[in-house]
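As given, the protein sequences belong to chains A and B, one line each in that order. Each step along the first sequence adds one to the number in my numbering, with nothing skipped, and position 333 is 333. Each step along the second sequence adds one to the number in my numbering, with nothing skipped, and position 62 is 1062.
Treat the hints as calculated values from the structure; they're not laboratory data. A quick note: this is a predicted structure, and the numbers were derived from the prediction, not measured.
Straight-line alpha carbon distances no greater than 27 angstroms define the calculated DSSO-like cross-link-like pairs of lysine-lysine that follow:
| hint | chain 1 | residue 1 | chain 2 | residue 2 |
| --- | --- | --- | --- | --- |
| 1 | A | Lys589 | A | Lys530 |
| 2 | A | Lys7 | B | Lys1069 |
| 3 | B | Lys1057 | A | Lys26 |
| 4 | A | Lys25 | B | Lys1048 |
| 5 | A | Lys7 | B | Lys1151 |
| 6 | B | Lys1108 | A | Lys7 |
| 7 | B | Lys1013 | A | Lys26 |
| 8 | A | Lys382 | A | Lys367 |
| 9 | B | Lys1128 | A | Lys127 |
| 10 | B | Lys1048 | A | Lys26 |
| 11 | A | Lys180 | B | Lys1128 |
| 12 | A | Lys26 | B | Lys1069 |
| 13 | A | Lys426 | A | Lys382 |
| 14 | B | Lys1128 | A | Lys130 |
| 15 | A | Lys180 | A | Lys217 |
| 16 | B | Lys1013 | A | Lys18 |
| 17 | A | Lys130 | A | Lys180 |
| 18 | A | Lys7 | B | Lys1112 |
| 19 | A | Lys530 | A | Lys570 |
| 20 | A | Lys367 | A | Lys530 |
| 21 | B | Lys1128 | A | Lys175 |
| 22 | B | Lys1112 | B | Lys1136 |
| 23 | B | Lys1136 | A | Lys130 |
| 24 | B | Lys1013 | A | Lys7 |
| 25 | A | Lys532 | A | Lys368 |
Incomplete in silico selection of chain B near chain A, CB under 7 angstroms:
| hint | residue |
| --- | --- |
| 26 | Ala1007 |
| 27 | Phe1011 |
| 28 | Gly1015 |
| 29 | Leu1019 |
| 30 | Ala1091 |
| 31 | Glu1094 |
| 32 | Leu1102 |
| 33 | Arg1103 |
| 34 | Tyr1121 |
| 35 | Glu1138 |
Using N, Cα and C, we set each Cβ at its ideal position, and we do this for glycine too.
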Amino acid sequence: MQRNDYKDALNELQLSSKFCEEMEKKLTESNNVRSDEYEDIVTHVDVIKPKRFRGLATAAAFVLAAGGIGGGAYYKINAKYNSGPQSEQQEYDEYNCNFPFATLPLHDVVFNVCDRAIRSSVPAYDKIAKNLDDFFEHAEWTELSDEDYNVDRNTYAGIDFLVNEYIVHIQSNEKVYVSKRLINLNDSVYYTDDYDYITADGLYVINGQSENYEYFKYSLPEGSYKKILSILLEDRVDTNADFCGVSGSFINADYHTSKEEGKVTELQAYSLSYLLNNAIWTTETEGFEEDTEKEPITLNMVDNKDHYEIKIYRNGITYITKTTEESNAEEVSKQRFKDKDAYNDLLSTLTTLDESQWIVPCPIDFKKENAVLIKKTDGVEKAYLIDGYSYDSLALMLENFEWTRCDDVYNNAFLSDGTYMPVIDKDKIAQNDNSFTIVIGAQAIVINDNNMIYSSPYRYGVTDIDHSIIDVWVQNNNFQDMSDDEFVDWAIDNVMQKGEMNTYYSIYSLDQEAGPQEVLIKDIEENREKLKALEWTKLNNPEFFDDKNIACQMYNTHLSVRMDKNGIMKLGIGDNSYYFSTSPEQFAKIADGLLNYK
Amino acid sequence: MNNDSTALYAFRKYGNTVLRAAFAFCGSYAESEDIVQDVFLSLHTSPKSFNDDEHLKAWLLRVTINKCKNLKRSFRFSRTCSIDEIEQSEAIYEISTEGRELRSQIAKLPRKYAEVIFLYYYEGYSIKEISEITEKNENTVGSLLRRGREKLRAELEKEDESCRETIIKTL
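All chains should be built: construct the whole structure from the sequences, respecting the hints.
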C-alpha cells in the first residue's frame, strides 16, 4: 500500500456543507461551560523534566501545553528553537532518529571517528545532532545479508557510536554494522509484539529462543560516509590549509610521494588539514639545503593567485615555496614539525592502503647492546649472537626500512551470542625453512620470505628491496655461534631484566595446593645469577617437560621461561618453543632460593 | 490567535482532517460525525491558545484519539462501516467512491494500529512525533506501524483474492 493510496482514500471523505453550517453557528455562539467529560482538560502550561537525562547535557526542561482527556499531553518540538540546554525555559530536543533498526536519540551521543590520520571523539550537540538526524532519517538504508557483509576483518577504521543497547559501526565503504544487546531498561522496560515474553532476568525471549544479541547489517548510498564525516568534523577540522602561511583547499592539490602521485581527495584533505594545521611548527633559519637522500612528500596547491609548493621530509624539515601569480615573486621558507609520527601519517594518508594497514616508523626498540639470530643452517636450527658493529648495522638497516603495519593477524570469530573474540590467523604468520627470527631484548621479530615481518600482535610489510637487504645480510654474515648454555643464559638475562618494573613472574610453592604466587620483582639479580650458574643442554624431546609440575615461570613481551621441578626448561620465543635440561640435583638446590625471595 | 475564534478557525481549517482521523480511528461514519462535533465544541467551550497551526492540529488529533478511546466498544471488528451508513449520513459524504474498498479495510483496523497508520500515512508525522502524540514508546510505534501495514496488506490481499474468485466463477 502506498502512502498516497491511504491518503486518497480518506480524502474522499468530507464534511457536508449542511453540517459545516450548523457547526459554524454553534462555534460562533457565546461560550457556555458545559458539564461533560471534557472538563478535566488542562489549559495551563506545565514544566516537566525530560524523560531521558543524558550525561553531557545540563539541566533542561520541556515546555508542554497539556490537553485532552486524562491529561494526555502533546509536545511538538520545534528544532529551530533548540540552542542547547542552557536554561530551564529552553526546549531540549533529543533528536530521536528513526533508524531502520530502532529509533534512537542522537543528542549528546559521542561519535568516535577513526579515518586515516584523524582520531576524534565528537559529542553530538545541537547542530551536529540535528544534521545527523536529518541525514540518517532521509538516507536510503539497504539491508544486507551475511554474504554481502564480511565482518571477519578486525578493522577499527570508520565511525562508531553507542546509544542505549546499540553499537553502530559505519565503515568508509558505506557498510554499517549494528549490534544490539537485549537488556532490561530500568526506566522504560518495553514490550512489543515482536517478542514472546520477558524473562525474570530481563532477557527477551524471541520465538522461544533466548538471545543476548541481535545484529543488523546495512549499506548506505555512495557518499554517505563522507557526508557523515563532514557533519561530525565541521567545527573541528576542514579541508583547508592554515599553517606556516599556507592557505587554500587541499582538495585537488597535486601530491607526489615515493609511492604514489595524484590529486588529493576530500577524505584525504581532512587528514592533511588535521595533521599539518595541528603540527607544532618551528621556523628554521639556517640554510636551505634539501635532503637528497630521501624523496620528500610534495604538495602543490593554489589559493586564488598564490601557488604553494610544499616539500616535507622524513625528519620533519619542510620547504614551502610561495609564488604570487601577479608579481611572480617567490618566497621560500624552511620549517620543521616536531611530531615524529606525522611524516608517516602523511605518507599513509596519501598512499592507497588496505583498511588494516598504516605506514609506521620502525617498531623495534634498539636500546639493547646485542641481539640473537635464530635460523636454520643445513636443516638444523641454531642461535647466533649479533653484537658490536654487526648490531649497529642491523639497527641502522631496520630503522631505515619502510614499515607498513598490517593489523590483520587476528580475525573476529563471531560467537552464537553475537559477541566476537579475536582468533589468530595462523596462515598469516606461518614460517618455513627460509624464515628466521631476530630477538632483541624481549622482542621477537620473525622475518618470513613473503616480505612480511611478524612481531606480535602485528605483522609488517616491507619492500622487496628491504627484504632482500636483510636476507642477504643474514645469509652472508658469519655471526658468533652460541652454545646451548650461552643461549639460555642470554634468554634468562633478557626475560629477567633488572629494574624492569613491568615484568611479572609466577612462583610456585612445592606445596601444590598453594598454587602460584604472582609477584613483581624489583631486584632479581641474585636469582638470575643462580639460574645462569647452572649448565643447560638442549633437549630434543619436549615430552619430558612436566607441564603439571611447574617450579617457576617468567614472561616478558615475546619471551617466556618456564621450569618444571625436575629442572627442565621450556623457553618460548614468539610462537616457537625450545627445551633445555640441567642437573636436577643442582636445580633443586637453587629452587629453594627462587621460592624464598620477596 | 484569538481564543474566541480559535474553535471556529480550527473547524474551518481542520474539520475534514478531524473527520478523517476519527473515521480511521473508530471505523464508523456515524461515530466520526459525533467525534467531530465533540472535538470542536470542547475547544469552543474551553478555549486555549496555541503557538501555531501545527500546534493546534496536533492538539486536535490528540483529542480525537482520546475521544475514540472513550467509545464504549471493545472491538472495532464489531463495527463495520457499511455503505448504508455513509449513504444515510447527512454530515459526511464521499467525494468519490474509488477508495471505498480501502476505507472499509481502514475501518476494520484495530484502533492501536489505526492511530499510528493515520498519523504516519495521512499526516506524515515521524515516529518520534507519533510517539509524542500517542504517548507510546517509539519502538512500540514502529512495531505497531509495521503490524498495521501487514494487517492492511493482508486484508487487501484477501479482498483481491475473493474478487479474483468471483471473476473466475462468473467467467
